[in-house]
Amino acid sequence: MATLLDPDAQGRVILVGAGPGDPGLLTVRAVEALRSADVVVHDGLIDPRVLDIAPPGAHRISVAKRRARHTLPQEAINALIVAHVMAGSVVVRLKGGDPFIFGRGGEEVEAVRAAGLTVEVIPGVSAALGCAAEAMLPLTHRDHSSAVTFVAGQCKGLTDQDWSGLAGQGRTLVIYMGVATAEAIADKLIADGVAPDMPVAVLEKGTLPGHRALRTLLADLGAMVAREKVASPAIIVVGEVVELSDAENRLAGYAKVAETMA
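At position 10 of the sequence shown (counting the first as 1) the number is 10 in full-length UniProt numbering, and the numbers step up by one without a gap.
Hints are supplied without guarantee of correctness; some may be wrong.
[To be verified] Here are the simulated lysine-lysine pairs, BS3-like style, with alpha carbons at most 25 Å apart: (1) K65 to K205; (2) K229 to K188; (3) K229 to K65; (4) K229 to K205.
FYI, nobody ran anything at the bench for these hints, they're computed from the structure.
With the hints as constraints, model all of the structure from the sequences given.
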């Protein structure tokens, strides 16, 4: 990744991380790649201002994948990328956050290489890092946390996974795609030994207009998400470091929860 992209090169694919949302958080190299694109295959939550960086004649293809609604299955996306590259196009596969953090970037790299093609990956600012920084929420802190774990909140077999030890006691847990399963996540963490009064932050639409950073306790997580009508995209952060953040306290209604814990 030491040399600049060659605008005259043809027939290649570049996986690009678009960052957490704000176009200002794109890397210089991501902008450079977009300007070289013949085809942009992009996720559904990419800001239009980011897409507009590509040349006016570039072909834009949305492969939006949201919960319960898939425009294309992953295999079809892989085939689409390969077909355009083999036709001689510079294909930018534009992904929110970082391609290798819950972005299926690894699967797409495998598919491109299996077709005998080369691929470049340009990292992006992940949602966890960008959204946490905006909320002044340090994921690690010398006095509070020396480890961070990323998990997916909508993965299959959620209740069968062992999440003990992932949050609290000097560890921070970051949960992607967890809004729809927030209550189940809280129940699971408590069942796996995390304290019900562990601080939790929900970072909604981080770095985007209308973003919110909300704080509560683990036992109140599901209820808070419901009463605040939290919508995706959002990440959930669990751990003592949440108390250091600028997230707004949303503990209203927690008294009843506290009574059940007494």
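Evaluated hints:
1. Between K65 and K205 the alpha-carbon distance is near 17 Å, which keeps this suggested pair within the 25 Å criterion.
2. Distance hint between K229 and K188 is fulfilled; the C-alpha atoms sit about 22 Å from each other, no more than 25 Å.
3. The hinted pair formed by K229 and K65 meets the criterion: a straight-line CA distance of about 21 Å does not exceed 25 Å.
4. Between K229 and K205 the alpha-carbon distance is near 13 Å, which keeps this suggested pair within the 25 Å criterion.
Of the numbered hints stated above, none is contradicted by the structure.
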